[in-house]
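Visitor: Protein chains in written order, with my numbering: chain Y, 7 to 451; chain G, 2 to 184; chain F, 2 to 319.
Honestly, the hints are just simulated from the structure, not real lab data. Note that CB positions come from ideal geometry on N, CA and C, so glycine has one too. A hint or two may mislead.
[Stated by the list, open to error] DSS-like, lysine-lysine: derived pairs with alpha carbons at most 27 Å apart:
1) F/K36 with F/K65
2) Y/K175 with Y/K159
3) Y/K208 with F/K65
4) Y/K251 with Y/K175
5) Y/K159 with Y/K251
6) F/K88 with Y/K403
[What the hints assert, rightly or not] Here are some chain F residues the structure puts well away from chain G; computed CB gaps all over 12 Å:
7) R158
8) E294
9) L311
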Amino acid sequence: MTTTLIRGATLPDGTTTDLLVADGRIAERGDAIATPSGARVLDAEGLVALPGLVDLHTHLREPGFEQSETVLSGTRAAAAGGFTAVFAMANTMPVSDTAGVVEQVQALGESAGYATVRPIGAVTVGLAGERLSEIGAMANSRAAVRVFSDDGKCVHDSLLMRRALEYVKTFDGVVAQHAQDPRLTENAQMNEGALSSELGLKGWPAVAEESIIARDVLLAEHVGARLHICHVSTAGSVDVVRWAKARGIEVTAEVTPHHLLLTEDLIRSYDARYKVNPPLRRDEDVRALREGLVDGTIDIVATDHAPHPEEAKDCEWDHAAFGMVGLESALSVVQAALVDPGLLGWSDVARVLSQTPATIGRLSGHSHSFETGSSANIVLVDPASSSAFSTDRLAGKSHNSPYLGMTLPGSVRHTLHRGYQTVRDGVVVDAAEVAAAAAAGVTRG
Amino acid sequence: MARIVLQNSDIARALTRISHEILESNRGPHDLVILGIPTRGVVLAERIGAQIRQIEPGAPADLVGSLDVTMYRDDLAHHPTRAPQRTRVPSGGIDGKTVVLIDDVLYSGRTIRAALDAIGDLGRPRAVRLAVLVDRGHRELPIRADFVGKNLPSSTDERINVRLAEVDGSEEVSIDLATGAGA
Amino acid sequence: MRHLLSTRDLLRDDAIALLDIAEDMSEVQNREVKKLPTLRGKTVVNLFFEDSTRTRTSFEVAAKRLSADVINFSAKGSSVSKGESLKDTAQTLAAMGADGVVIRHSASGAPQVLAQSGWIDAGVVNAGDGTHEHPTQALLDAFTMRRRIHGDAARGRDLDGVSVMIVGDVLHSRVARSNLWLLETLGAHVTFVAPATLVPVGASTWPVDIRYDLDAALAEVRPDVVMMLRIQQERMNAAFFPTTREYARQWGLDDDRLLALRPDSIVMHPGPMNRGLEISSRAADSAQSTVIEQVANGVSIRMAVLYSLLSGDREARS
Numbered sequence: 007m008t009t010t011l012i013r014g015a016t017l018p019d020g021t022t023t024d025l026l027v028a029d030g031r032i033a034e035r036g037d038a039i040a041t042p043s044g045a046r047v048l049d050a051e052g053l054v055a056l057p058g059l060v061d062l063h064t065h066l067r068e069p070g071f072e073q074s075e076t077v078l079s080g081t082r083a084a085a086a087g088g089f090t091a092v093f094a095m096a097n098t099m100p101v102s103d104t105a106g107v108v109e110q111v112q113a114l115g116e117s118a119g120y121a122t123v124r125p126i127g128a129v130t131v132g133l134a135g136e137r138l139s140e141i142g143a144m145a146n147s148r149a150a151v152r153v154f155s156d157d158g159k160c161v162h163d164s165l166l167m168r169r170a171l172e173y174v175k176t177f178d179g180v181v182a183q184h185a186q187d188p189r190l191t192e193n194a195q196m197n198e199g200a201l202s203s204e205l206g207l208k209g210w211p212a213v214a215e216e217s218i219i220a221r222d223v224l225l226a227e228h229v230g231a232r233l234h235i236c237h238v239s240t241a242g243s244v245d246v247v248r249w250a251k252a253r254g255i256e257v258t259a260e261v262t263p264h265h266l267l268l269t270e271d272l273i274r275s276y277d278a279r280y281k282v283n284p285p286l287r288r289d290e291d292v293r294a295l296r297e298g299l300v301d302g303t304i305d306i307v308a309t310d311h312a313p314h315p316e317e318a319k320d321c322e323w324d325h326a327a328f329g330m331v332g333l334e335s336a337l338s339v340v341q342a343a344l345v346d347p348g349l350l351g352w353s354d355v356a357r358v359l360s361q362t363p364a365t366i367g368r369l370s371g372h373s374h375s376f377e378t379g380s381s382a383n384i385v386l387v388d389p390a391s392s393s394a395f396s397t398d399r400l401a402g403k404s405h406n407s408p409y410l411g412m413t414l415p416g417s418v419r420h421t422l423h424r425g426y427q428t429v430r431d432g433v434v435v436d437a438a439e440v441a442a443a444a445a446a447g448v449t450r451g
Numbered sequence: 002m003a004r005i006v007l008q009n010s011d012i013a014r015a016l017t018r019i020s021h022e023i024l025e026s027n028r029g030p031h032d033l034v035i036l037g038i039p040t041r042g043v044v045l046a047e048r049i050g051a052q053i054r055q056i057e058p059g060a061p062a063d064l065v066g067s068l069d070v071t072m073y074r075d076d077l078a079h080h081p082t083r084a085p086q087r088t089r090v091p092s093g094g095i096d097g098k099t100v101v102l103i104d105d106v107l108y109s110g111r112t113i114r115a116a117l118d119a120i121g122d123l124g125r126p127r128a129v130r131l132a133v134l135v136d137r138g139h140r141e142l143p144i145r146a147d148f149v150g151k152n153l154p155s156s157t158d159e160r161i162n163v164r165l166a167e168v169d170g171s172e173e174v175s176i177d178l179a180t181g182a183g184a
Numbered sequence: 002m003r004h005l006l007s008t009r010d011l012l013r014d015d016a017i018a019l020l021d022i023a024e025d026m027s028e029v030q031n032r033e034v035k036k037l038p039t040l041r042g043k044t045v046v047n048l049f050f051e052d053s054t055r056t057r058t059s060f061e062v063a064a065k066r067l068s069a070d071v072i073n074f075s076a077k078g079s080s081v082s083k084g085e086s087l088k089d090t091a092q093t094l095a096a097m098g099a100d101g102v103v104i105r106h107s108a109s110g111a112p113q114v115l116a117q118s119g120w121i122d123a124g125v126v127n128a129g130d131g132t133h134e135h136p137t138q139a140l141l142d143a144f145t146m147r148r149r150i151h152g153d154a155a156r157g158r159d160l161d162g163v164s165v166m167i168v169g170d171v172l173h174s175r176v177a178r179s180n181l182w183l184l185e186t187l188g189a190h191v192t193f194v195a196p197a198t199l200v201p202v203g204a205s206t207w208p209v210d211i212r213y214d215l216d217a218a219l220a221e222v223r224p225d226v227v228m229m230l231r232i233q234q235e236r237m238n239a240a241f242f243p244t245t246r247e248y249a250r251q252w253g254l255d256d257d258r259l260l261a262l263r264p265d266s267i268v269m270h271p272g273p274m275n276r277g278l279e280i281s282s283r284a285a286d287s288a289q290s291t292v293i294e295q296v297a298n299g300v301s302i303r304m305a306v307l308y309s310l311l312s313g314d315r316e317a318r319s
């Protein structure tokens, strides 16, 4: 088992330190640690050390859509982006609505070894929105599911949403809602407004998101349950969540990196790389989302990594699939949108991209303060680099990224998952080596 | 360094002679249609038409028109898209008439070939004649002018500049070396 | 000009140039030999993903009058009956040597995707995309207005000061949008009249006045041009208005409203008309109606467009 010595890394609080990683844990922390024999030394001068990032919203597509992504390829993409844990959404085929499927997804993640995969369970059977899935079975399975979501679709029936909120309390679970009133957004293509009218594309009005969030926070209050809102995208939604928190409602909210940086103006090109659900919105919404993340109304950043094959994007807008890959670019986009303009510091980044997602998802074993004895999930980032984002940076199967050609700051140099490297010198480590390291880690316990 | 080969008085005399020659060849002004090729050919056609009406008071009132040949050119794909000009045929039409085409410079002959195709789509004249102010040689097609103001042998790297008061504000024909890429 | 995808991006000088070239083309239509050799040897493909005999025939006549070869390609393209992808269809046409592609598609933006894709080297003409644009319709409408207002002195002129009222289902109308952008560029003033459900979101930010009451608007604005848009039954089913009868009463150009117009005002309709619904028979057949000349003008405009896109030097065009 490799011992790794990280020299001269800058922690989120600004201090520099050495970190000795051995047997999957942080063995020692301090200045000028002596190099043990056989240790690999990582020169981290100028690099920021963050706790391994945790994505509460990823689509790994397996089982069922392996042409777009698999658990293996998706976790490679995660590692490339500095993520050491991902929560895998349930809209697979078959849907992750039984213990059997979630355990399969978990097992695939374990054998691949690139990141800790925590499957998300569907709220309703087949995502059909009619009856609850076997939430208890999934919670008690090897996968120990704690986050439940019909993401891709909205749990729009009020009674069903109420029951779901109540029922998951039994298992210390949380419902993650994809807020989209289906009646107001039939065949919707982009944000509803003057631009959608001009471009002739059917509009997705902000109120279709805000009205569901408003209903759900009141339901959560009424039944005393936790609620999590996926991919908040409008200024109005931020206002509703702020109001709810002020009332003491236990709601948490996430925002995607693309909603922190991109606006609907890009759609003038009819380039379907910009087609996503919820859609890109206006400048005012981007600003409100940034403010919400800074003031804590929005708790975390989550990628909503949504891989699609080329033919699903290389066509007319109406025919194209919704979604963007985002694991590999997330940290750079957050740096561009919030860190470089001085709105967030690196310790805030650690909070919104690692610590808080782990808390919401009840992820154990992922520490965030680099204490000795904790599991070594670490990402080393070079914040000073700047380059045009290209397909070289994409490590998953799909290339539907809106950032191709855009200059973005920062790059991931090294990622360590449970003490072994999954990214070395900016390159994703070979699958055989990672699988072996993961297996060795398992036997070690 | 442009060399002036025709001054305004030279041009006036040439047009007067051409007007007389047209009437002589046609044995009078009857069934005559003068069609100028835009832009400067139209100016010359107007002047010739005015002279003819002066010389022969029995000349038709609607004698002069314009014939745009843009749509019939054989070199359209080799140049940026050209804006066509107006085609206006005198009220009597051209069927059975003697059409005299007027242009400022006769060079490769391709413009006149296009004009003949354009005329063919407008009707069936009895005869088509050609009058030009300057014939500079270097024909690429078997085309010749019936009435010529001045023969100006030139080399292909020279450029003939025709300036007419109605269009250019001055009146002269000059010759100089073409600079850079060809016309 | 390499493609004609919209009137939103059409510069004033280019628009007037097209209208002027169309004047020349219309003269060709009045002579005995209605043909020009200009596009001989060029191949124009009518790529229609939506049925439209009128528009397709108009483009076909225009191309043939310029001596181009025409191929009519009806493709399936709804997201339900997908058929071959746009990319594959385009590459097939490129392999067949298409110089120009006239495309009508139900997906807004499809012509732009085709033009910027690199799948085909041809000039692209948008013959109508979803609810986005129908630029040749707007050009023929502007040509018609210019002719009626300025007669033989129309060449070189714009539509400065002309007031145009567009009535009906603006929300779903690409004709209304294309007309708005072009008319504004040419100096005209546009008013939309429709029930609030049929006015697009955000149209209040557009350079147009929006009114709901047709009688009040006609009395106050006294427009030079009234353009009636076709109303479709499906809109009733989607709750945009209660019944076609109520719609016709409120926003139809009936005989009374026809009489209320200035005698020199013109009545336009992009066709096909629902006689008795948005326009009465008397209005459609009156001397003020331009419906028939719009068809002839359509061929002239489309000849002008095809000439401008396909005749010149390819490199200079791009």
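Visitor: Next step is simple, just say for each hint if it's right about the structure.
Guide: Quick rundown of the hints versus the structure:
no. : hint               : verdict
1   : F/K36 with F/K65   : 8 Å, holds
2   : Y/K175 with Y/K159 : 22 Å, holds
3   : Y/K208 with F/K65  : 37 Å, violated
4   : Y/K251 with Y/K175 : 19 Å, holds
5   : Y/K159 with Y/K251 : 25 Å, holds
6   : F/K88 with Y/K403  : 22 Å, holds
7   : R158               : 15 Å, holds
8   : E294               : 21 Å, holds
9   : L311               : 9 Å, violated
Hint violations for this structure: numbers 3 and 9, all remaining hints satisfied.
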